[in-house]
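Chains A and B, in that order, give the protein sequences.
If you're matching positions, the first sequence starts at 17 in the numbering used here and goes up one per residue.
If you're matching positions, the second sequence starts at 17 in the numbering used here and goes up one per residue.
Accuracy of the hints is not assured; some may be wrong.
Heads up, the list lumps identical chains together, so a pair's fine if it works in one copy or across two of them.
Straight-line Cα separation of at most 20 Å, SDA-like style, residue types lysine to any residue; simulated pairs [stated by the list, open to error]: (1) K34 <-> R207; (2) K378 <-> E459; (3) K451 <-> L189; (4) K388 <-> P190.
Hints are computed from structural coordinates only; laboratory data are not their basis.
In this text the structure is predicted, and so the values were computed from the model without any measurement.
There are 2 protein chains.
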Amino acid sequence: MMQTPDSQRMEKIVSLCKRRGFIFQSSEIYGGLNGLWDYGPLGVELKRNLKNYWWRVMVHERDDVVGMDGSILMNRAVWKASGHEETFSDPMVDCRSCKARLRADQLVEKKGAKQCPVCGGKDLTEPRAFNLMLKTYVGATEDESSVTYLRPETAQAIFVQFKNVLEVSRKKLPFGIAQIGKAFRNEINPRNFTFRSREFEQMELEYFCRAEEGMKWLDYWREERLKFYEDIGLARERLHVHEIPDEERAFYSKGTYDIEYDFPFGRQELEGVAYRTDYDLQQHIKASGKALDYFDDETKERFVPHVVEPSAGVDRTVLALICDAYTEDEAPDEKGKMETRTVLRFHPRMAPIKCAVFPLLKNKEPLVSKAKEIVDLLRPHLNVFYDEGGAIGRRYRRQDEIGTPFGVTVDFETLGEKGAELRDTVTLRERDSMKQERVKISELAGILLAKIR
Amino acid sequence: MMQTPDSQRMEKIVSLCKRRGFIFQSSEIYGGLNGLWDYGPLGVELKRNLKNYWWRVMVHERDDVVGMDGSILMNRAVWKASGHEETFSDPMVDCRSCKARLRADQLVEKKGAKQCPVCGGKDLTEPRAFNLMLKTYVGATEDESSVTYLRPETAQAIFVQFKNVLEVSRKKLPFGIAQIGKAFRNEINPRNFTFRSREFEQMELEYFCRAEEGMKWLDYWREERLKFYEDIGLARERLHVHEIPDEERAFYSKGTYDIEYDFPFGRQELEGVAYRTDYDLQQHIKASGKALDYFDDETKERFVPHVVEPSAGVDRTVLALICDAYTEDEAPDEKGKMETRTVLRFHPRMAPIKCAVFPLLKNKEPLVSKAKEIVDLLRPHLNVFYDEGGAIGRRYRRQDEIGTPFGVTVDFETLGEKGAELRDTVTLRERDSMKQERVKISELAGILLAKIR
Numbered sequence: 017m018m019q020t021p022d023s024q025r026m027e028k029i030v031s032l033c034k035r036r037g038f039i040f041q042s043s044e045i046y047g048g049l050n051g052l053w054d055y056g057p058l059g060v061e062l063k064r065n066l067k068n069y070w071w072r073v074m075v076h077e078r079d080d081v082v083g084m085d086g087s088i089l090m091n092r093a094v095w096k097a098s099g100h101e102e103t104f105s106d107p108m109v110d111c112r113s114c115k116a117r118l119r120a121d122q123l124v125e126k127k128g129a130k131q132c133p134v135c136g137g138k139d140l141t142e143p144r145a146f147n148l149m150l151k152t153y154v155g156a157t158e159d160e161s162s163v164t165y166l167r168p169e170t171a172q173a174i175f176v177q178f179k180n181v182l183e184v185s186r187k188k189l190p191f192g193i194a195q196i197g198k199a200f201r202n203e204i205n206p207r208n209f210t211f212r213s214r215e216f217e218q219m220e221l222e223y224f225c226r227a228e229e230g231m232k233w234l235d236y237w238r239e240e241r242l243k244f245y246e247d248i249g250l251a252r253e254r255l256h257v258h259e260i261p262d263e264e265r266a267f268y269s270k271g272t273y274d275i276e277y278d279f280p281f282g283r284q285e286l287e288g289v290a291y292r293t294d295y296d297l298q299q300h301i302k303a304s305g306k307a308l309d310y311f312d313d314e315t316k317e318r319f320v321p322h323v324v325e326p327s328a329g330v331d332r333t334v335l336a337l338i339c340d341a342y343t344e345d346e347a348p349d350e351k352g353k354m355e356t357r358t359v360l361r362f363h364p365r366m367a368p369i370k371c372a373v374f375p376l377l378k379n380k381e382p383l384v385s386k387a388k389e390i391v392d393l394l395r396p397h398l399n400v401f402y403d404e405g406g407a408i409g410r411r412y413r414r415q416d417e418i419g420t421p422f423g424v425t426v427d428f429e430t431l432g433e434k435g436a437e438l439r440d441t442v443t444l445r446e447r448d449s450m451k452q453e454r455v456k457i458s459e460l461a462g463i464l465l466a467k468i469r
Numbered sequence: 017m018m019q020t021p022d023s024q025r026m027e028k029i030v031s032l033c034k035r036r037g038f039i040f041q042s043s044e045i046y047g048g049l050n051g052l053w054d055y056g057p058l059g060v061e062l063k064r065n066l067k068n069y070w071w072r073v074m075v076h077e078r079d080d081v082v083g084m085d086g087s088i089l090m091n092r093a094v095w096k097a098s099g100h101e102e103t104f105s106d107p108m109v110d111c112r113s114c115k116a117r118l119r120a121d122q123l124v125e126k127k128g129a130k131q132c133p134v135c136g137g138k139d140l141t142e143p144r145a146f147n148l149m150l151k152t153y154v155g156a157t158e159d160e161s162s163v164t165y166l167r168p169e170t171a172q173a174i175f176v177q178f179k180n181v182l183e184v185s186r187k188k189l190p191f192g193i194a195q196i197g198k199a200f201r202n203e204i205n206p207r208n209f210t211f212r213s214r215e216f217e218q219m220e221l222e223y224f225c226r227a228e229e230g231m232k233w234l235d236y237w238r239e240e241r242l243k244f245y246e247d248i249g250l251a252r253e254r255l256h257v258h259e260i261p262d263e264e265r266a267f268y269s270k271g272t273y274d275i276e277y278d279f280p281f282g283r284q285e286l287e288g289v290a291y292r293t294d295y296d297l298q299q300h301i302k303a304s305g306k307a308l309d310y311f312d313d314e315t316k317e318r319f320v321p322h323v324v325e326p327s328a329g330v331d332r333t334v335l336a337l338i339c340d341a342y343t344e345d346e347a348p349d350e351k352g353k354m355e356t357r358t359v360l361r362f363h364p365r366m367a368p369i370k371c372a373v374f375p376l377l378k379n380k381e382p383l384v385s386k387a388k389e390i391v392d393l394l395r396p397h398l399n400v401f402y403d404e405g406g407a408i409g410r411r412y413r414r415q416d417e418i419g420t421p422f423g424v425t426v427d428f429e430t431l432g433e434k435g436a437e438l439r440d441t442v443t444l445r446e447r448d449s450m451k452q453e454r455v456k457i458s459e460l461a462g463i464l465l466a467k468i469r
């Protein structure tokens, strides 16, 4: 395949992810399993930072949202009622020549005829529906009566618990229920690294409101969510809001926006903000016979609320964070010669490691023990990393490559060997500008916390 | 069934969990699904606090541990190599009379003969192995070639990524890899509320060391982990360390301790601390042909490390926290008459809501706006809850029942109406002692943070 600058860039990102421990192929020693990924030591921290920040701004900092955490396996009746059992499918085609299984929209067209993209054959089956839900059996028997599915989205857990959560939280409309959790889709063709995978995590809010306010809240959440992506450090010019036209929206939706990001492999959806009306609750009312409605104390009305859903992909956003942060620039090496530097310019809020601490030299005990003191001082407040190995310039580069925003170096000045006024100060280096300033150890935690939060 | 004090206590706990939004039955509106549970608004916060504290002490506060986050679905080869496909099963028996499916150890014995506990019948099949892994199919076909399982434990993801994590983290022995994630077991008989469920979350550390230090690290982790349960507030006298005797241990283990807790339904395991030797790595070396070994820079030796595994159940520990916290005592009502008070005496570190803020009266605007100012002041630091509804005593009781350790009341003194020296002070009430003290608003965040961390 031809190498474009974008595909080269993506290759470098994938390679960095593996080399530095952001993302590994799942079950790699057994050849992997297509569309499944593991997060390594740095990836898990980046993902935690993203999820915790989402929870903070979407739940803790708001009066009108509460959280929940539903199980991945639910009663099959949920998926019958939601429509997933019947319609959550992609059209699939078999090539009779080479036996390849293909998504119908991946066939190539030559001279007006559909062809297999693998062998070029034209002997193709008619498209048939392939359900994307992963099936399993719960209970002692393995038959139709025990079938259920790994949830293909987290949203339904919120809808079926709407009444319970409403009752215990005593919330008034408008209010939301937030959830972070895994979902599974048996993608025929997982691709684009972790972007389209078979197991993924969602951060979803279902925001319940009166029907007459639905469009207003759709606009509100589109703006809030766009701001979120800026606040985690994605460049505004690579973010786009795409309004889904009437004919492409789910039939029950009165309006949907996708928030998209310019990945090296193209513009792709990070989040959908959908006005789902009262469709889901009505489906579950019909199927369960339960009254999933809302009683308004003041107007004495009883009605089924409408819902606006901002639904974000954790893994996609992690990948966008890495792609957006990936930069190559020029910096001097140990001898002053310019060399290419790889930097992940993460927002300090998202960076897996917030601060690295270095003794200038490994074999000077007072430098080492002072550096370790600083680690102990910072550790209760932020994720720190201690490194004593190699030339200081190389240690900086290693941290630049994983996006650590700050580096603290303990040198002879710190020990007071260059005069009393520099005693108990360290150099604080900023990753992007590579600028260094001298700060007092006693002020370090405060300075860093202010920049990280 | 006879009601014992313990079973009554458990009933009250289960009822409180539902009523106040800690735990709901999954898919409840469709009759639920046996052994599956959802966490409500308070349950999800409690669970988050537990998991975050575990991550903090097991990963962030240590130099010798890094984290990872593996996928739930892995290549089937993992479960062949680990032995789960062949041997992870319970013996099961069918009753030919009433068709009940039973675990062999649940049969009742009368006059020396096994009987069905449901119908009393004696026409039982021979016990046969029932594999506890939940099966699914990944990919476009649904046959033997696409089978895999929902992981029955998180540990194997760590073993198969051992080499990758070792390489990227550049750690020296001893060091550990930590992970929090969901696992699934098709229990024939889920029971004891959330204790034995089909979907659950684990917090696991695999701590790699030299063979000759295995027993030492086993002892170390047993003590560390016991301390953890004390640090999250479980009463020491209800915690027990049980040494698993030789004949009950897995054949490859050189020593295993269970950390147990006295639940109302009996003494049960919260965590297993197992010295697994090099069994798992050796199994994967054999099956994959990959060199999952360690090279010692100093001694120039190459060997397969041994491992000690502290493996904790998130849901079990959440349930223990609730059971341990549940207390009934006596407190005066609005008119000074003593009444029974239900309190969840959570450690402030674990409590879902850290502080409730009340205006003394709902219809005095200056009280309300001052209280809301305090909410905004505290919110960046801790999870707060604002409540203006009902008599102040009733508002306290509602918070006691969900374990909120602190309550702040804004009264006329706060507004300066009772003298200048009380202006901008509030009453701070402590949940367990019900003692109230006056503190300055400006000092509130600092005081609370010191007690919560």
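Quick rundown of the hints versus the structure:
1. K34 <-> R207: Answer is within; shortest intra-copy Cα gap is 17 Å, inter-copy 42 Å.
2. K378 <-> E459: Result: close neither inside a copy nor across copies, 25 Å intra and 43 Å inter.
3. K451 <-> L189: Neither: 50 Å inside a copy, 36 Å across copies.
4. K388 <-> P190: between (50 Å within a copy, 19 Å between copies)
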